[in-house]
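Q: Now for the letters of each chain:
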Amino acid sequence: MNLTAVAAIYKFEMARTFRTLMQSIISPVISTSLYFVVFGAAIGSRIQEVDGISYGAFIVPGLIMLTLLQQSLTNAAFGIYFPKFTGTIYELLSAPISPIEIVLGYVGAAATKSIALGLIILATAALFVDLHIEHPVWMMLFLVLTAVTFAMFGFIIGIWADGFEKLQIVPLLIVTPLAFLGGSFYSIKMLPEFWQDVSLVNPVVYLISGFRWAFYGTSDVSIALSLGMTLVFLAAPLAAVTYIFKTGWRLKS
Amino acid sequence: MPVFPTAPAILTVSGVSKTYEGGFQALKSVDLEIARGEIFALLGPNGAGKTTLISIICGIVNLSTGQVTVDGHDIGRDYRAARSKIGLVPQELTTDAFESVWDTVSFSRGLFGKTKNPAHIEKVLRDLSLWEKRDNKIMTLSGGMKRRVLIAKALSHEPELLFLDEPTAGVDVALRREMWEVVRKLRDVGVTIILTTHYIEEAEMMADRIGVISRGELILVEDKTELMRKLGHKELILHLQEPLAAIPPGFSDYDLSLSAQGHSLTYSYDTNAERTGIASLMRRLAEEGIRFRDISTKQSTLEEIFVNLVEERA
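Chains C and D, in that order, give the protein sequences. Position 58, counted from 1, in the first sequence is what my numbering calls 58; the numbers after and before it change by one each time, with no gaps. Position 236, counted from 1, in the second sequence is what my numbering calls 236; the numbers after and before it change by one each time, with no gaps.
Be aware that a few hints might be false.
Simulated crosslink set (DSSO-like; lysine-lysine; CA at most 27 Å straight-line) [to be verified]:
(1) LYS252(C) with LYS189(C)
(2) LYS234(D) with LYS11(C)
(3) LYS123(D) with LYS137(D)
(4) LYS298(D) with LYS84(C)
(5) LYS84(C) with LYS185(D)
(6) LYS133(D) with LYS252(C)
(7) LYS114(D) with LYS146(D)
Simulated DEER-style distance windows between Cβ atoms [unchecked claim]:
(8) THR115(D) with ALA15(C): 16 to 26 Å
(9) ASN117(D) with TYR243(C): 35 to 45 Å
(10) ILE25(C) with PRO118(D): 29 to 39 Å
(11) GLY143(D) with ALA15(C): 48 to 58 Å
(12) GLY87(C) with THR19(D): 46 to 56 Å
(13) GLY143(D) with LYS84(C): 17 to 27 Å
Since the hints were made in silico from the structure, they are not lab data. Note that CB positions come from ideal geometry on N, CA and C, so glycine has one too.
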């Protein structure tokens with residue numbers, strides 16, 4: 001295991017984050033605050049409690065997940081796409097490092113950044129609503145598993161993309177709708193039965209439900225199912241990444 | 001020029017072919033052995049397969065058939081050991097933009113699994129006249145400076161085998177000479193160097209051995225001085241006082257040619273022959289009353305040899 005190389009990639013990626021601190025940290029915090037002002041204070045005060053939780057507090061886990069999914073995905077996608085775009089990928093391909101090590105470096109850094117963001121949003125939320133976290137360890141576990149899973153998806157998108165457009169298209173057209181329809185702002189139990197069943201095909205439902213359970217002890221689907229599905233989603237990109245490096249798909253001719 | 005015929009090979013390429021997905025065959029069963037410590041120049045026109053060959057050895061392109069070993073390590077099975085011995089300076093100026101020179105060079109060392117060694121990085125930067133620029137962002141550097149950064153990155157992990165893919169393309173004369181100096185210094189400390197170049201002058205000045213690649217085939221590998229001796233010939237040019245209408249009869253033994261206006265007579269001869277024939281030619285010319293006001297000689301350059309070789313195959 002070339003841990004020095006993993007550390008080098010990780011450090012390089014984290015330095016990129018710190019260089020763009022304003023857009024990396026400040027903008028999600030501002031947009032989350034706006035969500036709270038609109039949904040928590042303005043509209044939320046007129047919405048009745050969901051599962052015995054005030055609406056403002058109810059949306060906190062969903063909002064964190066929303067940012068977590070988007071940030072993990074775009075960070076990792078951009079992290080590996082950029083060397084491809086500039087050509088510096090030659091160095092990565094010619095270095096004595098294994099695919100696993102490359103993934104560890106890039107995905108680790110992207111996940112670290114989005115986890116930090118998630119926690120910052122959590123702290124921001126605490127300023128607006130009364131928060132209590134019933135299962136903090138599980139909360140962290142869901143946070144980490146989700147960040148890693150989506151960073152891995154992002155990594156694959158970054159390898160697949162051959163233009164900036166493709167880099168944007170998946171987060172915009174797939175992940176954001178899935179996150180919004182996955183119960184970020186509502187419990188899927190509020191939906192008509194038919195749409196509840198449809199929602200269950202949406203992987204994000206399991207992530208948000210499990211995450212919300214860690215906060216308030218209530219969930220749309222059972223916690224075991226949430227955790228199981230999260231692990232399945234982790235395995236899928238893992239298999240894809242292994243295949244990519246084995247064949248050199250989109251990386252080597 | 002030192003040649004190392006008995007030194008163990010640091011690089012062995014056997015039967016390497018590459019066919020790209022579109023069906024284009026970039027390499028056709030290339031065999032090559034590079035001795036430790038030599039400077040090898042790979043010459044060839046654009047699209048001949050130079051970069052493909054280098055990319056395969058370095059792990060950037062997959063080979064279709066064949067085998068490559070670096071210091072005995074197979075580049076596929078034992079890629080870690082093989083790659084850690086290689087430094088690559090790519091042809092394109094592919095650098096990061098926002099990182100500082102120091103950071104990007106240190107990053108390369110880390111990528112190759114070497115522990116931090118600021119003293120070594122400092123030495124590399126100083127050797128390449130980059131020390132003053134160590135804190136500058138790469139995007140603020142000139143093209144020549146970026147080229148040096150790429151060399152510094154390749155040297156950051158102390159490679160034993162260095163690939164320079166057109167290191168002096170688009171580099172001014174002063175910098176080119178400086179780079180040659182760097183290459184010589186590297187060779188002096190035992191680094192094996194493989195360079196591709198368009199500047200035949202470069203190969204002529206630097207290389208111990210020369211390989212010529214054309215249309216994916218390695219058509220020739222030869223010791224440089226041997227190559228120039230074998231394929232090179234010399235010309236003696238006599239600038240005449242009175243123009244001649246034709247080469248006078250009785251000179252058919254000599255390989256002579258007359259210039260268009262008859263103002264100069266060119267004699268081609270083999271420098272390695274026991275007798276060059278110059279003295280007797282001079283005597284005969286004097287006897288015929290042909291007088292000349294000046295003489296000059298010209299040796300065929302590697303460039304001419306190269307062009308002839310590639311054209312022969314085309």
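Q: Determine for every hint whether it applies to the structure shown.
A: Comparing the hints with the structure gives:
1. LYS252(C) with LYS189(C): Roughly 47 Å separates the two Cα atoms, so the pair is violated.
2. LYS234(D) with LYS11(C): Violated: LYS234(D) and LYS11(C) sit about 59 Å apart, past 27 Å.
3. LYS123(D) with LYS137(D): 19 Å, holds
4. LYS298(D) with LYS84(C): With Cα atoms ~49 Å apart, LYS298(D) and LYS84(C) exceed 27 Å; violated.
5. LYS84(C) with LYS185(D): Given that 27 Å is the threshold and the Cα spacing comes to 33 Å, the pair is violated.
6. LYS133(D) with LYS252(C): This hinted pair is violated, its Cα atoms lying about 33 Å apart.
7. LYS114(D) with LYS146(D): 23 Å, holds
8. THR115(D) with ALA15(C): 16 to 26 Å: 19 Å, holds
9. ASN117(D) with TYR243(C): 35 to 45 Å: About 37 Å separates the Cβ atoms of ASN117(D) and TYR243(C), which means 35 to 45 Å holds.
10. ILE25(C) with PRO118(D): 29 to 39 Å: Because 31 Å falls inside the window, the suggested range holds.
11. GLY143(D) with ALA15(C): 48 to 58 Å: Between GLY143(D) and ALA15(C), where Cβ atoms are some 25 Å apart, the hint is violated.
12. GLY87(C) with THR19(D): 46 to 56 Å: 23 Å, violated
13. GLY143(D) with LYS84(C): 17 to 27 Å: 22 Å, holds
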